[in-house]
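Trainee: In case you want the letters, here they are:
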Amino acid sequence: MMSVLWRRGVVYLLAALAIVYVGYRLPGLLPGDYVTTVYGGAEVVLTADQEQLLRARYAAADNFFSYLQNLLLLDWGESWAHKTPVFTLIMAALPWTLLLMGGAHLLATALGMIAGVEAAWRRGGRLEKAGVGSMTLLQGVPELALGVVLLLVFSYQLGWLPAGGGLSAYAEAGTGGLLLDLLRHLLLPLATLVLAWFPGNFLLARASMVLVLRQPFLVTARAKGLPPWRVRYRHAARNVLLPLVTRFGLRLAFMVTGALVVETLFAYPGLGTLLYQAISLRDLPLVQGIVLAAILALLAVNLGLELLYGRLDPRTW
Amino acid sequence: MNSGASSNRCLWPAILLAAICLTLLPLLGPARAGEPTVRIADGRGDWGLPNPFHHYPRGPGYIHMSWVFDTLVWKDHRGELVPALANSWAYEPQRQAFTFQMNPQAQWHDGTPVTAADVAFTIDLFQRHPTPWVNLKEISHAEVTGSRQVTIFLRHPYAPFLADIGGTMPIMPAHIWREVEEPTSFTEPGAFIGSGPFRFIDFNKVQGTYLYEAFADYYQGRPKAARLIYLRSSQPLVALSRGEVDLAAIQPEMADALKKQNFTVLCDERGWNRKLMINHRRPPFSDRRFRQALAHAIDREALIAQAQRGHARPASYGLLSKDHSLYNPDLPDYAPDPAKARALLEEMGYTADAEGFYQLEGRPLIVELLVSNITAGGQSVPNRDGEKIRRQLARAGIRVELVNMEQAVTDQRIRDWQFDLALSGHGGVAGDARILNEMISPNYSGGSVNSARFDANPELEELLATQLRAMEPDERRRLVHRIQELHALELPAMPLYYPDACVAYNPRLGIDWFYTPGGVGKGIPIPQNKLSVIGE
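Line by line, the protein sequences are chains A and B. For what it's worth, our numbering labels the leading residue of the first sequence as 1, then goes sequentially. For what it's worth, our numbering labels the leading residue of the second sequence as 1, then goes sequentially.
Bear in mind the hints are in silico, worked out from the structure with no lab data behind them. Where hints are given, some of them may not hold.
[Claimed, not checked] So, partial list: chain B residues that the calculated Cβ filter (under 8 Å) puts toward chain A:
no. : residue
1   : F186
2   : V206
3   : I229
4   : E438
5   : Y444
Just so you know, even glycine gets a beta-carbon here, dropped at the ideal spot from N, CA and C.
Let the hints inform the model, and build the full structure from the sequences given.
Mentor: So, in C-alpha cells, the structure goes:
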C-alpha cells in the first residue's frame, strides 16, 4: 500500500512539474501586453519616455527556476494591475468560488443522484419518461441562458433576489443579517449552476442504475425481504457512485474556468472574475498564479479521486 | 465515531461560511440615519486605490481619485474652469508664469490647512515621480510668492496649462508626502488624505466595492451625500429598477424603460469618437486619394442607423467634437458616394473586374479590417460596425476581409502597424485641443494605439507645435481651425461617429449629475463631476 502511494506520489510530482512549466509559459504567449492594454484606451497618452519606462517595469521575467523557487516560498509574484501579491488575491477570491462552485457541485450531484436512482427504479413509467425527456432538453441549455432567465424572473420581474454581487456593500447589519444577505446573493448563481449541472448527473445516475438493477445480487436482496428503499440505496445506488464521483471530480477540477460565465453574469466575486480581468489586462503574474492554482486543484482532485476509488471499490487498487 | 465523522463533515462548510463572515464584518459601517448614501454601479469594480500613484490609468480610476484630492481649478457644468483650491489665477506673459491665490478655507482631511507650499511641493513631487496623468515637461518650477500665493513658471508658453495641469493635477499634502521615498509603494492611511469632498474609507478588491464618506469641513460646503458607495454590477437595468444602485451607465435602449420608472437619463452625444484607423504607412493607404475614397465609400448615417440603431451622431472629419469651442465648421466633406470613391480609385490606376471589384496590375484589392469590442468610458461596448463597413466598401469595389479579435490583440497589431484598417476610438475630443497633437502626431503620442501617428504633412506638424504655444485665444483658434482642415483633408484616421453614452440616476436623492462639456480633468466622459455633489 505504501509503495503504491509512494509511486503515485512521484508520478504526481513529475506531472505537477511538467504542468506548472506549461502554466508558466502559456500566459506569456498570449498576444498583447499589459502596457498596451492598460494605456491603449486610456484618457492619458504616454510619451515615448514614459512608455519605455513602463515597458521595462512590466517586462515578464523569464527564469523558470527562480519562479519555481519563489513558488515554494509562497511568493507567487505581484499582480501588475492590482499591485498586490498574487497569492493574497487568490486566497481572497478562493472562498467565494469554493462556496459557489463547491455548493453547486454538491447539490447538483446529490440531487441528480437521488432523482436518477428514483427514475431508474420507476423505469418505463410516465415520470421517468418525462424526467429523461426534460433533462435531456435542459442539458442543452447553456448556463448563460439559464442565468439570464433566472435573473429576469426572480430579480427584475419579481424583485425577490439581488441582481448581483456577493453581498450588499457596506450594509448595516448584524452577523445574522450578513449571513442572510450572503445567502440571498448566492441563490441565483447557485441555482443557475445547479440547474445546468443537475441534468447530466441525473442522466448518468439513471443510466448507471438501470444497468445495476439487472444484476442478480439485487434479486437476492429482494428475496431476503429487504425494504425497497434499502435495496435501492444500500445495495443498488452504491454502485452508481463511482461514475458520479468521477464526474464530480472532473467538474470540480474545472472550478475556475467553470465559474467564469456565471460569476461575470452575476458580478459574483471569485476566481473566475479575477481570471477574466487578469486576461483582459494581460496581467501575466496573476494569470500565471490562477492557472497554477487551477493546476494544483486539478492534481489534488485527481489524487483525491484515486484515493476515494480505493475506498469505494477496492478492486481499483 | 460515526456521529463524530458526521459532525466533521458538517463543520467544514460552517467554517467556510464563518470565515467569509469574519472577513466581511469590517465592511459593516456605522449607521448614519437621515443622511443619504449614493450607490454607483460599475461594470468592473476595481480601478485601483484612489490616489494619483495607485489608481488605474483610465477615466474611472481618475474619477475615484478626484473625490479625495482636489485640483487648483475645476470644470463646472458648462465646462468652464472655476475656482477649486485656488480662488483666482492670472498669467504673466513676460515671466511665462501662472500665479494662483489659494483659498484660505481649504484644509486637508486631517485638519491641516492647504497652503501655497503644498502646491510648490506637488510640482516638485510629480517632477521627481512622474505619472502619466501629470506631465510636467512644460513646467520649470514653482515658487511660494506670498502667504497664500504660488507662482508656477513654464519653460515655454503652454496653452493647455489650465486644463491639462491646473484642472487635472491633484494637489498633495506636503506634510505627509515629504518623507515618502517611493510613492508607488506608499499605501498607509496617510496616502489617502486629500482636500477633496470625500474621505476614502475602504476598498474591497474581491467584491469590487469602494466606500467614501463626506468630509464635513470641505471648503466648498458640506457634500450633499453622506456616503458614496461604488459596487460592481453587470446588470445596470435590474440593479437600478430594484433600487440597489442610484447611478449606472446604461445602454441607450434602456432609457425609455427607466424614464417610466422616474429615473433621470443623461446622454453625452459628442464626447467620445469612434474612428477608423488607417495604416497610412503602407500602400495603397499611404496615398491620400485612397483614404478619401474610403471616406466617400463609408456611409456614416447608414452605419449609425443600422449598426448603432440611431444612437450616435456623425463625427467631424477635423477630429475635434462639434461641441468644442474651437470646432471648425468649414471642413472638407465626404458625402457618401460610391461612384466618387470609384473615380478616385481609378485615378490611382485601379481597374474593376467583371464583378466590379478593383485590382491593380493583376493583383486584387483586398483589405483587412480588424474589429473588436472596445472600452468607452470604462464600459465594454459591442462592435456591430465591421460587417456594415465591409458591405459599404464592397459597393465601392473594395473587398474586405473582416477579422474579429480581442481588443488587446487588435491594440497590439495597431501599435505594431500590422493592420490595414481597424476600428478604434477614444475620448477627449471635447477637451483641450491638445488632443489633436496626441491623436495625430507621433511626437506627442508615444505608441498610443488610438493615435494616427501621422507626420507626413510638414505644415500639420508645424501647426500642432505652434498651437500649444499660442496663449492668445484668437491666435490659437486660427491655428486649431487650420489643423482640423488639414486633418479632414489628409484623413490619417477617419472619425466615424460619436456614440451616445448614457447614464440613469435616481433624482430623489437631490443630486443632479451632469456630463462635463470637455470631460472631467483631461476629458473623461463620465458624468461624475464632484461639483454635482457639493453644496446647495
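Trainee: Indicate, hint by hint, whether the structure satisfies it.
Mentor: Checked hints:
1. With a least beta-carbon distance of about 11 Å to chain A, the hint placing F186/B at the interface is violated under the 8 Å criterion.
2. A distance limit of 8 Å between C-beta atoms decides the matter here; for V206/B the minimum to chain A is near 5 Å, and the interface restraint holds.
3. The beta carbon of I229/B comes within 5 Å of a beta carbon in chain A, closer than 8 Å, and the hint placing it at the interface holds.
4. Residue-level restraint check for E438/B holds (minimum Cβ-Cβ distance to chain A is 4 Å; threshold 8 Å).
5. At about 7 Å, the closest approach between the beta carbon of Y444/B and any beta carbon in chain A falls short of 8 Å, and the interface hint on this residue holds.
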